[in-house]
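Trainee: Residue-level listing of the chains:
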Amino acid sequence: MPNTPETKIKSALSPQIRSAQKKRATAVANEKLENRPCLSFRWCVFAGYGLLLLGALSICLAEAAIGMHLIWGNALPWGILLLATGMVSFLISKRFMKRIARLIGLTRQISRGDFTPIGPISKYRDEFTTVNVALNRMLEELDTWHTGMEESHQMAAIGTLTAGVSHEINNPLNNIMLTAYSLEEEYADLSDEERREMIADLLQETERVHKIVRNLQDFAREGECVLKTLELGKLVKETALLVTNQAKALGAKINIKVQPHLPYIRGDQRQWKQVFINLILNALDATAKDGKIDIHVEKDASPGFVAVHVENIGAVIPRHILSYIFNPFFTTKPPGKGAGLGLSVSQGIVTRHGGRIDVTTRDGRYTRFTVRIPSTDIAPEQCISRRETLVMTKG
Amino acid sequence: MKDILKILLIDDEKMVGDRLKPALVKVGYSVEALMDPRKALQRIDENEFDIIVTDIMMEEVDGIQILEAAMKKSYRTRVIVITGYANVNLAREAMDKGAFDIIEKPFRPGDLRNVIANAAKALDIQGEIGYQSPAN
Amino acid sequence: MSVITLTTDAYSRGNILAEGIAEKMGYRCIGDDDVIAAAAKAYEIDKGKLEQSFRSSASFFNPFSSRKYRLIPLLEAVLVEQMCQQDMIYHGFIAVSRIQEVSHAIKVRVIASAESRMREVIQKERSSGMVEAKDRIFKLDEERQRWSRAIYGTDISDSAQYDLVVNIGPMGNEDLKDAIETIAITARQKKYEPMTYSVNCLTNIALSCKIKAAFIDSYPKTEARSDKGTIYMFVPALRRKNQKNILVFKNKIMEFEGVEHVEIYVRKKNFDDMARGN
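Chains as they are written, first to last, in the working numbering: chain A, 231 to 625; chain B, 45 to 180; chain C, 5 to 282.
Simulated from the structure, these hints should not be mistaken for laboratory data. Mixed in with the good hints there might be a few duds.
[To be verified] Keeping only pairs whose Cα atoms sit at most 25 Å apart, straight-line, the calculated SDA-like set for lysine to any residue is:
hint, chain 1, residue 1, chain 2, residue 2
1, B, K58, A, T390
2, A, K467, B, I108
3, C, K195, B, D155
4, C, K195, B, S74
5, C, K232, A, S553
6, A, K487, B, E103
7, C, K232, A, I399
8, C, K195, B, I108
9, A, K483, B, E137
10, B, K58, A, G481
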């Protein structure tokens with residue numbers, strides 16, 4: 231059979247025609263046919279089937295119209311859907327991002343040593359509430375761990391100081407021993423005045439030992455955190471006294487300059503001493519024999535803060551390790567010479583008091599650690615010190 | 045001929061000189077007690093001492109410097125170091141630089157007398173005045 | 005005039021070295037066997053038991069073997085007493101950690117190359133090949149490490165605790181001669197001469213070891229520190245019934261020669277102790 235349009239139509243329509251023949255009913259055959267002039271009103275298509283052709287309906291559609299219809303029919307709803315999806319995604323992600331940004335902020339806060347738990351951001355429970363709770367639990371653990379670290383660092387500091395103190399005591403002890411033995415040996419030959427003088431010396435040297443030990447005892451005394459109003463200058467000077475021996479052993483000098491009329495600070499005395507002991511001991515470790523450490527206590531450029539600068543001329547921290555020095559357990563000392571806890575613990579203490587600790591180093595010239603502490607105008611007599619947990623939120 | 049031992053005592057603690065000087069003079073030594081190590085350096089330069097007893101931890105000038113100055117002046121001088129900060133490294137450094145002995149603080153006057161007696165023996169100066177039996 | 009301690013590894017010809025140095029310097033030479041014999045005599049204990057305590061080490065089945073090492077204080081007491089008499093060289097590692105602060109005690113370590121040690125094993129044991137020799141050396145070194153860590157908490161090969169480390173490499177006769185010369189020259193330096201301070205240090209350590217040795221059965225986990233006649237005892241936490249015995253304990257210590265005053269402190273158990281099984 232030749233493959234003409236007629237034959238194509240015939241074969242396409244033959245099922246309908248046969249069914250019409252069977253049913254003896256009216257049949258409508260509709261097929262999409264090529265639009266050709268030879269097909270218009272072609273009765274012969276159906277000739278020979280015993281059917282009476284009633285007519286042909288020609289329907290024409292312009293393609294362009296179809297095209298437009300397709301666009302408006304498909305693209306618009308899709309477009310609207312897309313837009314709607316986009317908006318919803320944006321809204322949802324904005325909410326997520328806000329939460330996530332808050333979490334990122336929290337990690338930064340933790341890295342600074344601030345373990346204040348975070349409060350909920352929305353009024354109802356959502357997926358982030360679970361994360362929040364987990365994080366707060368983690369913060370609580372970290373805080374406990376950190377306190378543990380602080381305690382062990384304090385123990386280490388006490389150990390170092392005790393070694394120094396035990397040497398410092400040797401001089402007054404020696405004086406007592408020599409005087410007591412002399413008194414015993416020469417008793418009969420001494421005049422009354424000489425005896426009295428020796429006894430006075432014994433008492434004086436005993437007081438001296440007491441003072442040396444009391445300073446250390448104050449620092450080492452166990453107890454909870456006590457918030458008090460403190461005089462920073464006095465605190466720094468007392469701290470320097472604690473490390474006299476370490477300084478003496480190195481032949482290093484510690485110069486302290488305190489600006490007059492400084493405002494007070496509030497905090498725990500023992501913890502602050504710990505911070506300054508750490509900074510001074512670090513500076514001493516980096517000092518050559520006969521070196522010098524300068525400590526300045528003054529009002530800071532930023533209002534409401536006081537600053538303590540611990541400066542070491544000649545010592546330099548290499549740039550590439552500057553960013554690591556506050557990390558726990560980071561140390562450049564040989565093994566057995568320090569766990570590397572000092573600066574990270576100190577930073578923790580400073581941050582919890584609402585302050586900050588920075589380091590500046592000038593190539594080949596000096597290294598300076600600056601501790602900025604919020605000041606207060608409450609004079610010591612005016613406040614009642616209570617035992618309270620030290621949790622200070624940033625204002 | 046009895047030689048009187050010349051002893052120089054250097055310690056920035058006043059009581060060390062106050063108590064040790066009479067205790068040593070009693071057994072017949074000639075004792076000079078100084079608290080300022082810089083003055084001591086001067087005296088060492090001016091004078092040769094038989095025995096120098098010095099502290100280590102002093103301001104400005106420390107005992108090691110005294111030891112070195114004494115050794116430079118005369119190898120005969122016996123330097124005895126007394127210190128409250130004794131440790132193995134300091135001990136070895138002092139011995140290396142020529143110290144005769146090192147005593148840790150606190151000590152009894154009798155302990156120092158024994159060591160000085162040993163130093164005197166080493167200097168070969170004997171006699172009633174310069175020598176004290178170790179049993180004391 | 006001084007005291008030399010020589011720490012070597014197994015099969016490093018340590019004995020030859022020690023004897024060579026002793027001869028060169030006119031010193032007495034003491035080895036671990038001498039110490040064990042002296043302790044057996046002084047404390048009337050079976051030599052075999054002391055040997056066992058000394059040579060055995062912690063194993064998988066008995067990791068916390070503080071019982072095994074309980075006789076070590078006896079060896080330390082005897083050895084440090086010998087050291088007080090000066091002019092001696094000790095070949096071994098007992099008590100080396102205890103005399104770190106004594107300035108006239110020269111702590112020497114001698115190391116040799118693994119190959120030469122293996123050759124020494126083959127020569128001495130006759131039956132071993134290189135592989136067996138290597139195993140043997142490895143096993144012995146491991147054992148000594150474990151021993152030193154268990155008793156002193158230190159690494160026997162840590163050079164920080166020695167004043168001089170000598171490498172005798174191939175361990176030939178010339179190498180040994182050079183090593184002996186080096187060690188003798190070092191020992192003769194003025195800074196290693198004894199002085200009142202260092203002699204007192206050693207006397208204190210000797211007394212502490214003696215007291216600890218006397219109480220290994222009644223108070224096994226006690227540490228003793230002596231300072232010119234004042235004794236500080238550190239005992240682990242005691243049960244109430246034992247506290248009454250403290251006075252008896254104190255009096256017993258006062259009976260020792262040279263003891264003028266006794267103080268007893270209770271040491272809190274710490275994690276280190278627990279980890280070691282103390």
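Trainee: It remains to establish, for every hint, whether it holds in the given structure.
Mentor: Consistency of the hints with the structure:
1. B:K58 to A:T390: Cα-Cα ~28 Å, so violated.
2. A:K467 to B:I108: 30 Å, violated
3. C:K195 to B:D155: 22 Å, holds
4. C:K195 to B:S74: 30 Å, violated
5. C:K232 to A:S553: 49 Å, violated
6. A:K487 to B:E103: Holds. K487 (chain A) to E103 (chain B) sits at ~21 Å (cutoff 25 Å).
7. C:K232 to A:I399: 17 Å, holds
8. C:K195 to B:I108: 14 Å, holds
9. A:K483 to B:E137: Given pair K483 (chain A), E137 (chain B) holds - Cα atoms ~23 Å apart, limit 25 Å.
10. B:K58 to A:G481: 21 Å, holds
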